[in-house]
Structure formats: C-alpha cells, structure tokens
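Asks: Sequences listed follow chains A and B, in order. For the first sequence, our numbering gives the first residue as 1, with consecutive numbering after it. For the second sequence, our numbering gives the first residue as 905, with consecutive numbering after it.
Keep in mind the hints are simulated off the structure, nothing from the lab. Some hints could be false.
Derived lysine to any residue pairs resembling SDA-like cross-links, with alpha carbons at most 25 Å apart [unchecked claim]:
id: 1; chain 1: B; residue 1: K977; chain 2: A; residue 2: V229
id: 2; chain 1: A; residue 1: K523; chain 2: A; residue 2: S629
id: 3; chain 1: B; residue 1: K977; chain 2: A; residue 2: R319
id: 4; chain 1: B; residue 1: K962; chain 2: A; residue 2: K244
id: 5; chain 1: B; residue 1: K977; chain 2: A; residue 2: R185
id: 6; chain 1: B; residue 1: K977; chain 2: A; residue 2: D316
id: 7; chain 1: A; residue 1: K538; chain 2: A; residue 2: E549
id: 8; chain 1: B; residue 1: K910; chain 2: A; residue 2: D224
id: 9; chain 1: A; residue 1: K518; chain 2: A; residue 2: R185
id: 10; chain 1: B; residue 1: K943; chain 2: B; residue 2: T930
id: 11; chain 1: B; residue 1: K977; chain 2: A; residue 2: E166
id: 12; chain 1: B; residue 1: K962; chain 2: A; residue 2: R319
id: 13; chain 1: B; residue 1: K962; chain 2: A; residue 2: N201
id: 14; chain 1: A; residue 1: K559; chain 2: A; residue 2: N227
id: 15; chain 1: B; residue 1: K912; chain 2: A; residue 2: D222
id: 16; chain 1: A; residue 1: K817; chain 2: A; residue 2: E898
id: 17; chain 1: B; residue 1: K960; chain 2: A; residue 2: N227
id: 18; chain 1: B; residue 1: K960; chain 2: A; residue 2: D222
id: 19; chain 1: A; residue 1: K244; chain 2: B; residue 2: V985
id: 20; chain 1: B; residue 1: K911; chain 2: B; residue 2: E926
id: 21; chain 1: B; residue 1: K977; chain 2: A; residue 2: N227
id: 22; chain 1: A; residue 1: K695; chain 2: A; residue 2: R637
id: 23; chain 1: B; residue 1: K943; chain 2: B; residue 2: W931
id: 24; chain 1: B; residue 1: K912; chain 2: A; residue 2: E850
id: 25; chain 1: B; residue 1: K943; chain 2: A; residue 2: D215
id: 26; chain 1: B; residue 1: K962; chain 2: A; residue 2: Y226
id: 27; chain 1: B; residue 1: K977; chain 2: A; residue 2: L5
id: 28; chain 1: B; residue 1: K960; chain 2: A; residue 2: R185
id: 29; chain 1: A; residue 1: K763; chain 2: A; residue 2: F716
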Amino acid sequence: MSELLDVFIGESRENLESASQELLEIQSSGSSSERVDKIFRDLHTIKGSSDLFDIKPLTRLAHAAEDLLDSVRANEVAFSDDIGELLLEALDQISIWFDELEVGSQDLEQWQPISTNLGAKLRYFIDPDASDGAGIKNEASPTSTVSLDDKFLTDEQIDLLASFSENADIKLLCQVEGPYCYLVRYTPDEGCFFRGEDPINVLLALPGLKAFNIDMPELNHDADIYNCVTSIEALGCADEDAIKQHMAYYEGQYTVTVFSSQALRASCVSKIIDNVAQIADQTLSDALADNNLEQVNASAGLLLASQDIGDAHCDDAKRATLQFLSAASELDFLRGPESSSVAETAESANESIGQSNDAVVGTDDTANVSVLGNADEDAPLESNAKPSDISARPEKILAPHEKAILTQQLTLLNSDNYKSEFMFPSISGLVGNILGETFSDEGTLALAICNALDDETINEQADETLKQQSAEDMSAVATQTTDTPEKAGNNTESNALNSTNESAQPVKAERQAVKMLKVDQAKIDYLMDIVGELTVAKNSLPYLAKQAEEEGGSRKLSKQIKAHFSIVNRLTESLQSAVLQIRMVPVSHVFQRYPRLVRDLARKLDKKIELFLQGEDTEFDKNLIESLSEPLIHLLRNSIDHGIESPAERLAAGKSEMGRIDLIATPLDDSVIIEIRDDGKGIDPTKIKLLAFQKGVISEAQLESLDDNEALQLVFAAGFSTSEQVSDLSGRGVGMDAVKTMVSQAGGTIEMHSEVGVGTTFKLLLPQTMSVNRVMMFEVSDQMFGVGMDAVVETVKVPTSDIQRIRNEHVLVIREKLIPLCNLRDALGFDEAEEKEEHSILVVSAPQGEFGLIIDKFHEGIDVIQKPLEGVLAGYAQFSGTALLGDGRVLLIINVQEVLAKCL
Amino acid sequence: MPIAFKKKVAVMTGHCEIEEAESLFTWLNEEASRQVNLKVLTSAHTAVYQVLLANKPKVSVWPESERLFWLTKMMNNQSNVWCE
Numbered sequence: 001m002s003e004l005l006d007v008f009i010g011e012s013r014e015n016l017e018s019a020s021q022e023l024l025e026i027q028s029s030g031s032s033s034e035r036v037d038k039i040f041r042d043l044h045t046i047k048g049s050s051d052l053f054d055i056k057p058l059t060r061l062a063h064a065a066e067d068l069l070d071s072v073r074a075n076e077v078a079f080s081d082d083i084g085e086l087l088l089e090a091l092d093q094i095s096i097w098f099d100e101l102e103v104g105s106q107d108l109e110q111w112q113p114i115s116t117n118l119g120a121k122l123r124y125f126i127d128p129d130a131s132d133g134a135g136i137k138n139e140a141s142p143t144s145t146v147s148l149d150d151k152f153l154t155d156e157q158i159d160l161l162a163s164f165s166e167n168a169d170i171k172l173l174c175q176v177e178g179p180y181c182y183l184v185r186y187t188p189d190e191g192c193f194f195r196g197e198d199p200i201n202v203l204l205a206l207p208g209l210k211a212f213n214i215d216m217p218e219l220n221h222d223a224d225i226y227n228c229v230t231s232i233e234a235l236g237c238a239d240e241d242a243i244k245q246h247m248a249y250y251e252g253q254y255t256v257t258v259f260s261s262q263a264l265r266a267s268c269v270s271k272i273i274d275n276v277a278q279i280a281d282q283t284l285s286d287a288l289a290d291n292n293l294e295q296v297n298a299s300a301g302l303l304l305a306s307q308d309i310g311d312a313h314c315d316d317a318k319r320a321t322l323q324f325l326s327a328a329s330e331l332d333f334l335r336g337p338e339s340s341s342v343a344e345t346a347e348s349a350n351e352s353i354g355q356s357n358d359a360v361v362g363t364d365d366t367a368n369v370s371v372l373g374n375a376d377e378d379a380p381l382e383s384n385a386k387p388s389d390i391s392a393r394p395e396k397i398l399a400p401h402e403k404a405i406l407t408q409q410l411t412l413l414n415s416d417n418y419k420s421e422f423m424f425p426s427i428s429g430l431v432g433n434i435l436g437e438t439f440s441d442e443g444t445l446a447l448a449i450c451n452a453l454d455d456e457t458i459n460e461q462a463d464e465t466l467k468q469q470s471a472e473d474m475s476a477v478a479t480q481t482t483d484t485p486e487k488a489g490n491n492t493e494s495n496a497l498n499s500t501n502e503s504a505q506p507v508k509a510e511r512q513a514v515k516m517l518k519v520d521q522a523k524i525d526y527l528m529d530i531v532g533e534l535t536v537a538k539n540s541l542p543y544l545a546k547q548a549e550e551e552g553g554s555r556k557l558s559k560q561i562k563a564h565f566s567i568v569n570r571l572t573e574s575l576q577s578a579v580l581q582i583r584m585v586p587v588s589h590v591f592q593r594y595p596r597l598v599r600d601l602a603r604k605l606d607k608k609i610e611l612f613l614q615g616e617d618t619e620f621d622k623n624l625i626e627s628l629s630e631p632l633i634h635l636l637r638n639s640i641d642h643g644i645e646s647p648a649e650r651l652a653a654g655k656s657e658m659g660r661i662d663l664i665a666t667p668l669d670d671s672v673i674i675e676i677r678d679d680g681k682g683i684d685p686t687k688i689k690l691l692a693f694q695k696g697v698i699s700e701a702q703l704e705s706l707d708d709n710e711a712l713q714l715v716f717a718a719g720f721s722t723s724e725q726v727s728d729l730s731g732r733g734v735g736m737d738a739v740k741t742m743v744s745q746a747g748g749t750i751e752m753h754s755e756v757g758v759g760t761t762f763k764l765l766l767p768q769t770m771s772v773n774r775v776m777m778f779e780v781s782d783q784m785f786g787v788g789m790d791a792v793v794e795t796v797k798v799p800t801s802d803i804q805r806i807r808n809e810h811v812l813v814i815r816e817k818l819i820p821l822c823n824l825r826d827a828l829g830f831d832e833a834e835e836k837e838e839h840s841i842l843v844v845s846a847p848q849g850e851f852g853l854i855i856d857k858f859h860e861g862i863d864v865i866q867k868p869l870e871g872v873l874a875g876y877a878q879f880s881g882t883a884l885l886g887d888g889r890v891l892l893i894i895n896v897q898e899v900l901a902k903c904l
Numbered sequence: 905m906p907i908a909f910k911k912k913v914a915v916m917t918g919h920c921e922i923e924e925a926e927s928l929f930t931w932l933n934e935e936a937s938r939q940v941n942l943k944v945l946t947s948a949h950t951a952v953y954q955v956l957l958a959n960k961p962k963v964s965v966w967p968e969s970e971r972l973f974w975l976t977k978m979m980n981n982q983s984n985v986w987c988e
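Pulled out of the complex, with its shape left as it was, chain A reads as follows (with noise of 0.2 Å):
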C-alpha cells in the first residue's frame, strides 16, 4: 500500500468517525446547522482526497452524501431521521471500503453497484424527481477533455462526435445501452510497439464498443514498419471508470470523454424531428404525433425496409433517424423541447445543423473569436463578436455559426418541403416566430436573440433600457411559449449559488488546516526506545561516581559525577515524560466509537439504550488504549444484550423505559480506572454458583463457602457464560474470561459488582503507560532482583524472634495485622541462608492481600525499561521480566503472584 494511500485512509477514518459521531448526535439532540456543516466538511475532505485514487465509487457516494448534505445546510431538504439513517449506511459503507482499501482487496466492480444505489438513494432525498439518474454527475477526470452535463451535449461534446462521422449521435443512440457513452480518441506513440502494445487489439476490446474509425497515414515502401501510425478514435456505451481501467496501461495516449446517453438523446430531439419533417411520411408523423410507440417502430422499420428515403444528401442522417425510431422503447423525450428554453432548443438546432455548416463556421474570418468563460452554462450559446454589426454591445454578438444556423433554419422554414404539421406545433410556431415572422433582417435577428439571452442568462446588471427592450422582443416569444424566462432566470440563479458554495469550499478546508503533526508510531515507539536506552546508561553514572571513589580514590571526581548525574537525571526525565506525553492520547479515542455501537446492537435488539461518556479527557497510553478496545466493547455488549432489560420489562419493574450504561474514565495517580455501568437487571450470585457448580467450574464445597462477591467474580472463570440462550452478540462463554485475560496482559485487573435489579458495573483498573516501569531492587543470594514499585508496601526489618510459626507458615504480625511470609531463597531455588538476627522482609499486595517476602538486603529504587522474557527463560513464570542496570547486569523483575503461589 501506497505511504499517500495510508495517510488518506487514516485521515479519512478520523472524518467519518467524527461525522458519524455528529450524526449521531443530530439523531439525539436534533439537528443544528453547525453539525450538518461540520459532517458536510468532513465528508467534503473525504470526496477530496479519495479523487486522489482510483476509487471513483467511493468518491461518487461521498459525493452523493456531500450534495445531501449541502441541500440541508442550505435548507432545501430539511433534515430527517431517514437522511441520518442513510448516511449513517453511506459512512458504513465507506469505511468497509477504507478496511478492503487497506488490504488491497477492493474489488472496483463490486463498488460500483453498491455506490450508484446509495448514490441513489441520497439523492433521492435532494431531488425525488431525479431519481432517473439524470442528477447523477460525473467529475472531470485529468483525461477526459470536457465535463459532463446532465442534460445536453456541450458544443466540444457535439463537435467531436460530429468529427467522428456525420450523424454519429444518432447512429450512437440507436445502439445505446448503459447511462454513458465514451468518445476515446486514442493516439498511441511511435513507439508502442516496442513496449509490447497493441493499439488495435486494445481498441477492439474496448467495453461497449460501438463504432471506430482508424485513421492511418499512407506507408512509403521504406517506412519502418514497426513504428505505430495509426491512430484510433472510439465511441461506445461504458462509464468513464471501465474505459480508464481498460487503458490503464495507456495513460498519456489517449483521451476520454464521457457523456450521459440522456444528453445525448436530448441533443437528437431536433435533429430526429427535423429528419422525420424531411422524411414527410404521414403515418410516421402522425404516430409520433399520438406518440403511438408501436406505430412509430412499425413505420419506421417499414420506411426503412422500403428505403424510400428522400435526397441522396440527407440519405445516412434519416436511415440512422429511422433506424433509431423503428428500434426506440419510448418516445416521451422527443417531447421535451416543449417546455425547454429557448435557448435549448436554439442548441438543439444549432448541432443538427452544425453539422453540415461546419464550412461555414470554420471559414468566417470577419469573426472575432471571444469566447464567453461560461462554456458549461445551461445554455451554451457562446456568442462570438462582430463589433461592425452592433456597437452597443461588440462582445455579446451571435457567433458567425450560430447565425448560420438560424439563416439556415430560417430556409428551412420558408423552403417549399417544410411541412409545418410534421413539427410539434410549438416548436415551429417558436421557432417560426423567433426566425420568421418577428425578425426579418439578419441584423435584428441576432440584437433580439443576443438581448434575450442578456437579460436571462449573461448580464444580470444591464441597464434598464435594454432590459425593457429586450422585454419587449421576448414578448412575442413569451406569449406563445411556456415559463421559458423564469426558467432561465432560475437556472442561473441556481448556478450561481452553486458557484458561490464552490468557491466558498476551499476557504473552509484551509481553515480546517492540520495544526496536529501526525507521526507514525513505530517512530514514536523508537524514540521511546532511545528513550529507555539512555534512561538505562544513565543509570551508570552512579555507579561510575562510586568506582571513582572507591578505585580511583578522587572524591572530588565522585562528586562531579553525581551532580552531573543529577542534571542529566532531570533531562532524561523530562524527555521521558515528554515522549509519554506524546503516547498520550484521551480516551475518547476509544470512546467515541462506542455511542455508534450502542445505538446499533439497541437497535437491533429493540432495547432503548442511552450511552453517557465522562471523563473522555483522561490521557492514556495509545499502546493501551488500542489493547483496551476490545474488552470493553466486550463489557459494552455484555450490559446490552444481558444487562438492560427489554422496555417491557423495565417499565414492570418500575425503571424508565430508556436503559442507561455510564462509561466512566478516571485518572488515579498512574492509572486509569474506567468504569463500564448499567441499571439492568444485574447479575444473581446463586444463579451464578449454580451454573459453574453445573458447569464444573467451582466443586460442591465451594458452592456452600463461596460468598457473593466471590461468586459474581465467577464469570471471569475461564469456560463461563451465563446467557441461556446464545445470541449472536455474546455470550459465547469465551466473553469474561476473554475480557479479563486482555485486560491483564494490559497490566490491569477487573473487577465486577451487580446488584440484582439495579444494576451491574464492571471496574477496570489500568497503569496509564506500560513502557517505563519503576521498580525496587534487592537482593538475595548476592543476586539483584527487582519488584515492581507498585506493588511495595513496606520494607522493614525485624529480628528473627518476630516471626512466628502457624501450622507450617512463617507468619509475622506488623501492627496488629497478620502477614504471611515466603522466603525467597527458597522460593527462586537458593541455598538455606546461615541463621541471622534480622530480617530484612519486604511487604507487597497482592491480590489475595499482603504478603512479605524474607530477602537478605534492600537496594534502592530504580526506572527500568521492563522487557519480557524471551527464548528458554519465557517459560519461567517467576520472573514477569528483566532489565538491564546501568552497569550492564540484568536484572531479572519477579512477578510477585506467580512467586507467592510457589511459595505459600
């Protein structure tokens, strides 16, 4: 996996983890607009970065959520529990995605279904109208030379297809399946061959290939054979993902532009309707007409077996007409120029004509070439300038082709085989005003039409004046037509905002700029090691100060040694605890996972749960915290499925119906105490002794001895479930025994209280770092051992007359309490030592109380760098480590339980 990869991963894991926690929150305490700004940002830089990759179905559901989201924060969709729900999927979704991304297993083909449903679905929510994937949009890729458009062919789009062949666009329809078609142009190097390509081969494997055209140079008899000339223009019916990951291996070759098949239909309808009025076949004009599906294939197909098509030049555009109409499944569409704008259908016309007026556009050199920037407008009726024709306005003129256009339809109508009928009557009673009848020089035709887009689309802020003039040209329009300026005038409204929200976007992101450093942490680890190492030759220097003394015999030296020592103390401690520091992370980190899953698993098992944090602040170890994870969504499940009663229930027992489970962290010195609490049924200490009376856990002896406490610390045993019944979220009889082993490999200890009725709470004890321990040494046999510090009690002295004798056991009494003593010689396998006055007797606690240890001298205490045994020594249960001391020996670290039950 890529470093880039990575970083995206981790940094998107954050963002929907804070956006799913936000949603959460909405579901709980309402929606605000701040948390809908602040899922939408996180979202926003998810959609961002995954552009990044070759992930576009993940990029397209973050884009889907994102375009969800922005309709709430501009309150066009106001904000429900449906949304939340769906989001909630689409953020599930993605980061399952994140989880096959980070083990390479993604599979793209099976995203892609997965993204346009959710895709779907979210934006359902937007706009329920377009739910025919016309709202689908696809993004710009760095290949693919001209953005879609939703709804018409852009003039680039209609361009190139033209150039492909004449009548291309309806060829292509006729053939059309999928949402997308793809016009590649494909020009491989010279030398390609050499890199073992194959270009045509390529080509013919293109998905959905529908038609393509080879263009290759004429070869002299001495050309080299082997470079690659030819070159390959493609056009089909497959998405923009399928194509580029077909000519993966042929980035830099070739282009890619993909448009929507509703765009491409849409930017037909003139030009079928104009081919149907030159065909002037009755029957087909009248099914068209009653739009009579049936009769319009049946005509068509008839027409074009019959092959009775008109003039030789218009022949291939009113074959592919019929071809297309004999074969359409439905024919709504060709009614859609009705209630378009005028200047859609201005476009329309102007690509079905276009087309064969090419010559026209190409050759006009009076043209003064000034393209307006907003080419992906709703209507992209570029206008070019003539500055002779109009002073007024120089820049907003009709360009030389659009004007061809119009003349040419303005022939059109006036031509002898025009039959008005044939047309929808609105289109020709438009087009006819527009051309015909309101303007009859060229002059006027192109100020009227300019000012008419002026005012709609262009210029907002043009004087008043014009606008009233402008009014009262579109006013012989306006009346025969629909809603056509509103509509405009909506559109460009709506692209405003748009615009304005896309430019205020990168503003957001900058201010949401990093100020945290992330670091790898096996860096962090590392540095922690260096850490220990020098904490570990530190140590030397004391020893080192007494070799002076005693072998050198300098004092003085000895006291520069140690007072360097104490400097070089400080430092090393403080760098330790600032490399902890950075190892610290709050809780909450594991936390906020957890409101998620509560909701989940209540939900599922109809229970209604509500999850209270505190103490989310506590810092913790991320070695820990990430080891903790787990037991305590454990715990969490434990109280869910077995704690908290159904709603039922806990209405007959008098409780609120709403359960409560308190997660509670706690600093206490160097540890944590996080608490896992709920006012369920709680657990019954004689139902528990029972089951592990049944189950062989516990004999019959201890079933009468076991008090309560004891009993409820049962379910820790090893092999234990109290669940009844089996259900799929726990009680596995794995799960205490489970949680209590991760919990102590941790260093921690758990501990459990229930009260039947009221509640459970499970207690866990945890050391806040587990890298730097403290312990005291001491010795026996002439060998150093350590302990670790916590365990310590006391360490006394006590003459041998002190200690008594109960049965077989070496007890002493210190103040009044009774301590039972293990000697350590024979506990680690030493020789008996010579009978001594005094003992030296270190206390330390241990689960089932205090205990004293006989050893022969107490040293002082000392931080070590605790590493585990390895190799033949990790069998010896004894010893929970060793260290190394400054002077190079090895201290072995006893674990004091292990050595008590040796001993005791």
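Given the coordinates of chain A, work out where chain B should sit on it, guided by the hints.
Replies: What follows is chain B alone, placed relative to chain A:
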C-alpha cells in the same frame, strides 16, 4: 507459419504476430499486384493491420471470421465502422 507467401498471394492464417508485419510489408512492396488471402485470418497485431490498411493490397478472399468484419469494411475504404 501464419503467413504463407505464395507466388501472388500471401495466405494469412490464425493470429499474425508483429514479426510477420515486416515480411508482409516487404513482400507486398516487391510487386504492386500481390494479393492477400485473409480467409482464415482470425486476428493480428496492430503492426500487421497497419500494413494491410496502409497498403490496401488486393484481397483475394475476405476474412471468414466475424471478428474481422471491420477490416473488410476499412479495407474497402469505409472511414468508420459501426459494430452491429
């Protein structure tokens, strides 16, 4: 041998690899009247197609393979080919 060069006709068989392109090109250029028999040609490397499309030699038998319909069309001077 995917291409068997006879007196006047080169018979192309199966899949023609890139190596064949050069010999075909030289052979075709030696005499303008030389023809190709594509009957059993199934596919070829781009370089081979390039020779066929650029030289447009006379074809004695057109390919039987449906997959090569486009080659037939293109060698008959159709500029663009629609899959049907």
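Asks: Taking the hints in turn, state whether each one holds.
Replies: For each hint, the structure was consulted:
no., hint, verdict
1, K977/B <-> V229/A, "holds (20 Å)"
2, K523/A <-> S629/A, "holds (22 Å)"
3, K977/B <-> R319/A, "holds (19 Å)"
4, K962/B <-> K244/A, "violated (37 Å)"
5, K977/B <-> R185/A, "holds (20 Å)"
6, K977/B <-> D316/A, "holds (17 Å)"
7, K538/A <-> E549/A, "holds (18 Å)"
8, K910/B <-> D224/A, "holds (24 Å)"
9, K518/A <-> R185/A, "violated (43 Å)"
10, K943/B <-> T930/B, "holds (21 Å)"
11, K977/B <-> E166/A, "holds (17 Å)"
12, K962/B <-> R319/A, "violated (31 Å)"
13, K962/B <-> N201/A, "holds (23 Å)"
14, K559/A <-> N227/A, "violated (84 Å)"
15, K912/B <-> D222/A, "holds (21 Å)"
16, K817/A <-> E898/A, "holds (23 Å)"
17, K960/B <-> N227/A, "holds (18 Å)"
18, K960/B <-> D222/A, "holds (16 Å)"
19, K244/A <-> V985/B, "holds (22 Å)"
20, K911/B <-> E926/B, "holds (18 Å)"
21, K977/B <-> N227/A, "holds (24 Å)"
22, K695/A <-> R637/A, "holds (23 Å)"
23, K943/B <-> W931/B, "holds (19 Å)"
24, K912/B <-> E850/A, "violated (108 Å)"
25, K943/B <-> D215/A, "holds (24 Å)"
26, K962/B <-> Y226/A, "holds (22 Å)"
27, K977/B <-> L5/A, "violated (47 Å)"
28, K960/B <-> R185/A, "holds (23 Å)"
29, K763/A <-> F716/A, "holds (13 Å)"
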